[in-house]
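Novice: Full structure from sequences and hints, please.
Residue numbers (our numbering), protein chains in the order written: chain A, 1 to 342; chain B, 1 to 342.
Treat the hints as calculated values from the structure; they're not laboratory data.
Treat the hints with care, as some may be off.
[Unchecked claim] Listed next, the stretches of chain A that the computed footprint assigns to chain B, with coverage defined by at least 3 CB atoms under 8 Å from CB atoms of chain B:
{"#": "1", "region": "168-175"}
{"#": "2", "region": "280-292"}
[Stated by the list, open to error] Pairwise CB distance ranges, derived in the manner of DEER restraints:
{"#": "3", "chain 1": "A", "residue 1": "Thr172", "chain 2": "B", "residue 2": "Ile91", "range": "27 to 33 Å"}
{"#": "4", "chain 1": "A", "residue 1": "Asp64", "chain 2": "B", "residue 2": "Glu40", "range": "29 to 35 Å"}
{"#": "5", "chain 1": "A", "residue 1": "Lys110", "chain 2": "B", "residue 2": "Lys132", "range": "39 to 45 Å"}
{"#": "6", "chain 1": "A", "residue 1": "Thr172", "chain 2": "B", "residue 2": "Glu133", "range": "35 to 41 Å"}
{"#": "7", "chain 1": "A", "residue 1": "Ile91", "chain 2": "B", "residue 2": "Arg36", "range": "28 to 34 Å"}
{"#": "8", "chain 1": "A", "residue 1": "Ala342", "chain 2": "B", "residue 2": "Arg273", "range": "31 to 37 Å"}
We treat Cβ as the ideally placed atom computed from N, Cα and C, and that holds for glycine.
Protein chains: 2
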Amino acid sequence: MQLHNDLILRAARGEKTDRVPVWLMRQAGRILPEYRKVRESVSGFIELATTPELAAEVTLQPVDILGVDAAIIFSDILVIPEAMGLPYEMIEKKGPWFENTIKSSADLKKIRIANPEEDLNYVAEAIKITKKELSGRVPLIGFAGAPWTIFSYMVEGSGSKTFSKAKKMLYTEPELSHQLLDMITESTIKYLKMQITCGADLVQIFDSWAGILSPAQYEEFGLRYISKICDAIDIVPVTVFAKGAYFARKKMSELNCETIGLDWNMSVSASRRLIGESKTLQGNLDPCVLYASDKEVERQTIEMLEKFGGHRHIANLGHGVYPDISPDKVKIFIETVKNWRA
Amino acid sequence: MQLHNDLILRAARGEKTDRVPVWLMRQAGRILPEYRKVRESVSGFIELATTPELAAEVTLQPVDILGVDAAIIFSDILVIPEAMGLPYEMIEKKGPWFENTIKSSADLKKIRIANPEEDLNYVAEAIKITKKELSGRVPLIGFAGAPWTIFSYMVEGSGSKTFSKAKKMLYTEPELSHQLLDMITESTIKYLKMQITCGADLVQIFDSWAGILSPAQYEEFGLRYISKICDAIDIVPVTVFAKGAYFARKKMSELNCETIGLDWNMSVSASRRLIGESKTLQGNLDPCVLYASDKEVERQTIEMLEKFGGHRHIANLGHGVYPDISPDKVKIFIETVKNWRA
Numbered sequence: 001m002q003l004h005n006d007l008i009l010r011a012a013r014g015e016k017t018d019r020v021p022v023w024l025m026r027q028a029g030r031i032l033p034e035y036r037k038v039r040e041s042v043s044g045f046i047e048l049a050t051t052p053e054l055a056a057e058v059t060l061q062p063v064d065i066l067g068v069d070a071a072i073i074f075s076d077i078l079v080i081p082e083a084m085g086l087p088y089e090m091i092e093k094k095g096p097w098f099e100n101t102i103k104s105s106a107d108l109k110k111i112r113i114a115n116p117e118e119d120l121n122y123v124a125e126a127i128k129i130t131k132k133e134l135s136g137r138v139p140l141i142g143f144a145g146a147p148w149t150i151f152s153y154m155v156e157g158s159g160s161k162t163f164s165k166a167k168k169m170l171y172t173e174p175e176l177s178h179q180l181l182d183m184i185t186e187s188t189i190k191y192l193k194m195q196i197t198c199g200a201d202l203v204q205i206f207d208s209w210a211g212i213l214s215p216a217q218y219e220e221f222g223l224r225y226i227s228k229i230c231d232a233i234d235i236v237p238v239t240v241f242a243k244g245a246y247f248a249r250k251k252m253s254e255l256n257c258e259t260i261g262l263d264w265n266m267s268v269s270a271s272r273r274l275i276g277e278s279k280t281l282q283g284n285l286d287p288c289v290l291y292a293s294d295k296e297v298e299r300q301t302i303e304m305l306e307k308f309g310g311h312r313h314i315a316n317l318g319h320g321v322y323p324d325i326s327p328d329k330v331k332i333f334i335e336t337v338k339n340w341r342a
Numbered sequence: 001m002q003l004h005n006d007l008i009l010r011a012a013r014g015e016k017t018d019r020v021p022v023w024l025m026r027q028a029g030r031i032l033p034e035y036r037k038v039r040e041s042v043s044g045f046i047e048l049a050t051t052p053e054l055a056a057e058v059t060l061q062p063v064d065i066l067g068v069d070a071a072i073i074f075s076d077i078l079v080i081p082e083a084m085g086l087p088y089e090m091i092e093k094k095g096p097w098f099e100n101t102i103k104s105s106a107d108l109k110k111i112r113i114a115n116p117e118e119d120l121n122y123v124a125e126a127i128k129i130t131k132k133e134l135s136g137r138v139p140l141i142g143f144a145g146a147p148w149t150i151f152s153y154m155v156e157g158s159g160s161k162t163f164s165k166a167k168k169m170l171y172t173e174p175e176l177s178h179q180l181l182d183m184i185t186e187s188t189i190k191y192l193k194m195q196i197t198c199g200a201d202l203v204q205i206f207d208s209w210a211g212i213l214s215p216a217q218y219e220e221f222g223l224r225y226i227s228k229i230c231d232a233i234d235i236v237p238v239t240v241f242a243k244g245a246y247f248a249r250k251k252m253s254e255l256n257c258e259t260i261g262l263d264w265n266m267s268v269s270a271s272r273r274l275i276g277e278s279k280t281l282q283g284n285l286d287p288c289v290l291y292a293s294d295k296e297v298e299r300q301t302i303e304m305l306e307k308f309g310g311h312r313h314i315a316n317l318g319h320g321v322y323p324d325i326s327p328d329k330v331k332i333f334i335e336t337v338k339n340w341r342a
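Specialist: Rendered as structure tokens:
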């Protein structure tokens with residue numbers, strides 16, 4: 001199907017675009033009353049994510065309501081541990097929780113490399129429905145967690161301020177850690193390829209916990225596996241968002257990906273200097289700017305756009321949109337980007 | 001009283017020292033069985049911190065048991081909000097919790113600038129007892145939270161992953177925010193001066209949540225107030241540890257302080273380049289290295305020492321020591337520093 005709006009793909013590939021494309025991390029969900037209505041009709045987050053018709057419905061909402069330049073499939077990065085044999089629950093106001101975690105090589109024998117066609121068929125179905133409903137209006141973004149972030153949850157068993165159990169394993173059991181990271185990486189490559197086969201036009205790798213590793217450890221246990229994924233995906237553009245990994249920006253310029261996501265701490269000029277001209281940059285408004293007055297949202301959005309300069313830029317926040325942000329502020333952000341010209 | 005070991009003070013002032021001094025953030029507490037014994041004898045953390053004899057006892061433990069080159073007074077950064085009129089509880093495994101928070105200018109009228117001589121007399125007493133017991137063996141470090149971090153708790157009311165309520169106030173009520181930050185700053189200056197009068201030989205300012213602000217906001221709401229504190233303290237050396245504020249390192253070189261703390265993400269060479277030669281650097285081993293084998297702890301400690309080069313360096317971890325770290329590993333870290341020569 002021909003895309004009517006392919007701005008984000010062209011920006012990712014470094015082609016000239018009439019204007020800067022815009023979308024938001026976490027746009028599918030939370031902030032929209034329309035989402036909350038669907039969410040209340042089911043037992044919980046996981047039921048919503050695993051019911052293809054509903055996942056497709058909430059994926060489409062921000063396209064219809066907010067006017068973003070891309071949809072992102074409604075799902076969760078933790079479907080990979082689940083498909084590998086570590087199921088999780090999503091506990092309201094607490095976050096994910098795993099009954100079993102990886103503590104030893106014996107635990108490694110109990111899990112498997114995911115078979116997405118079987119274990120994650122519901123994502124494939126959701127993508128197919130979404131693509132049909134989009135009928136080429138905007139591209140669809142597929143995604144997965146980066147191996148280190150997935151590893152963190154599989155070892156820690158829940159969210160954490162320090163992820164010290166996961167980091168401990170890197171220091172005490174480096175071989176076991178690499179084995180697990182290999183299994184996650186292989187699972188993720190298969191999963192992303194399936195998403196692309198079903199219609200994802202671009203994929204993003206989220207490394208939410210990149211910023212808690214030392215530079216040396218991030219190179220060994222983080223980037224090494226992201227690099228394998230980037231090398232394996234050659235059909236669609238790849239975006240890598242490694243939150244907090246400011247120390248790795250130079251190294252990331254060597255990744256075989258099109259776009260690097262910046263969080264709101266990262267200076268645009270320093271990032272461009274470190275990453276070079278051959279990548280598109282995505283980001284990076286502080287999500288809390290959307291708490292400010294309409295005028296201030298507009299002012300800061302324009303300031304951000306000017307810093308990027310309008311070329312090789314995909315506008316976004318520097319983090320997922322926070323749940324208590326008003327959709328009206330999100331609309332101002334989006335409209336400001338759409339109306340701005342370099 | 002003459003100090004027998006003033007390594008840390010001389011390193012802070014940029015004087016030559018025979019070896020690199022070493023201490024650990026959070027050394028007083030948690031990791032030591034001797035601490036846990038004292039902790040179990042009282043009703044909770046706050047009783048321990050507010051009983052001068054006991055606070056002094058646990059302050060001295062790491063000097064006796066671990067052999068660090070400085071003691072740090074056992075206390076908490078949140079005694080300042082309490083002294084300003086916002087009491088808190090420390091909930092086991094959850095962290096601090098405030099019944100009342102600052103939401104409006106009306107709330108600001110309900111609080112006051114702290115009067116440390118009265119409200120924080122227990123800290124003064126603890127310092128006096130500690131100084132007496134130390135009898136010059138090593139210097140005593142006093143401390144306080146940085147205004148932005150204290151502000152975060154006073155507005156948010158508890159720990160948070162995003163501190164989005166606190167950040168929201170900066171965007172929606174900048175004037176109110178500055179008023180509150182001014183009150184915190186004034187309280188903190190009085191508090192640190194009292195600690196110095198009672199015997200603190202060096203003071204450290206902890207900005208635990210520095211890393212969640214954008215560079216522009218950190219300059220306006222963070223560094224500006226730290227700078228005021230540094231300017232007001234001129235008798236003893238000042239250390240500023242702004243966790244995660246890598247983007248502010250260049251600006252921090254202008255602070256009127258002696259030492260800048262680095263977290264484990266910050267590259268030593270880049271930090272030295274950004275901060276220049278006129279400051280001492282403190283840090284920055286990844287706290288999780290202490291989970292590794294004895295040999296690996298030694299290897300990584302030496303690697304860290306070599307990066308700093310042995311001059312204008314105070315060895316430390318890049319974050320507080322984690323509670324489940326073995327004291328034996330801490331001892332290896334400390335001994336390795338003590339035996340190393342540039």
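Novice: Could you run down the list of hints and mark each one as holding or not?
Specialist: Tested hints:
no. : hint                              : result
1   : 168-175                           : holds (count 4)
2   : 280-292                           : holds (count 6)
3   : Thr172(A) / Ile91(B): 27 to 33 Å  : holds, 30 Å
4   : Asp64(A) / Glu40(B): 29 to 35 Å   : violated, 59 Å
5   : Lys110(A) / Lys132(B): 39 to 45 Å : violated, 58 Å
6   : Thr172(A) / Glu133(B): 35 to 41 Å : holds, 37 Å
7   : Ile91(A) / Arg36(B): 28 to 34 Å   : holds, 30 Å
8   : Ala342(A) / Arg273(B): 31 to 37 Å : holds, 32 Å
Of the numbered hints stated above, those contradicted by the structure are hints 4, 5, listed in ascending order.
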